[in-house]
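Novice: Could you put together the complete structure from these sequences and hints?
The opening position of the sequence shown corresponds to residue 350 in the numbering used here, with each subsequent residue numbered one higher.
Honestly, the hints are just simulated from the structure, not real lab data.
Being a predicted model, the structure only gives us computed values, none of them experimental.
Check each hint, because a few of them may be wrong.
[Said to hold, decoys possible] What follows is a set of in silico ranges between Cβ atoms, one per label pair, in the way DEER data are often shown:
hint: 1; residue 1: L445; residue 2: S465; range: 17 to 23 Å
hint: 2; residue 1: E394; residue 2: H421; range: 34 to 40 Å
hint: 3; residue 1: L371; residue 2: A398; range: 14 to 20 Å
hint: 4; residue 1: A460; residue 2: A391; range: 25 to 31 Å
hint: 5; residue 1: L366; residue 2: P386; range: 19 to 25 Å
All C-beta atoms in this analysis are idealised placements derived from N, C-alpha and C, irrespective of residue type, glycine included.
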Amino acid sequence: MSYIFDMGDETVWSPSLRTGRLYVGLTNCIADLEGRPSGLVANAEDMYALDPDEFRSLVDAVYANFSSTDHHVYRGQLRGWLLTSLVLLQRAHLDLPMVKAADEDLQQDLAAYAKSMPT
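Specialist: Take a look at the structure:
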């Protein structure tokens, strides 16, 4: 069994139940911390639609915070969520935030993340 994340008519990710549940929980927590909607719309317990505008806005805000701090632990905690979310934006054919030169490793890891995220 797995979770389903759709944007429009396209499934952009189909992780295992545990991975999907963790991602939803992290997304809701991060959205709460940012004071923004998560962009996740529950269609069923394990099926979510991504609202492109809200989700993109959240990812942009998180990346802005991520790239503006040198707090190692904070960046580490956000990194996995951010990479996963950037892959989802990419698969939905939405523009990615401009990755700063200091964060080139983030851009380089996108391909590895995408390969390990089944659709």
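Novice: With reference to the structure, classify each hint as holding or not holding.
Specialist: These are the hints, each one checked on the structure:
1. L445 / S465: 17 to 23 Å: Given about 18 Å between the Cβ atoms, the range holds.
2. E394 / H421: 34 to 40 Å: 35 Å, holds
3. L371 / A398: 14 to 20 Å: 19 Å, holds
4. A460 / A391: 25 to 31 Å: 30 Å, holds
5. L366 / P386: 19 to 25 Å: 24 Å, holds
Every hint, counting from the list given before, is met by this structure.
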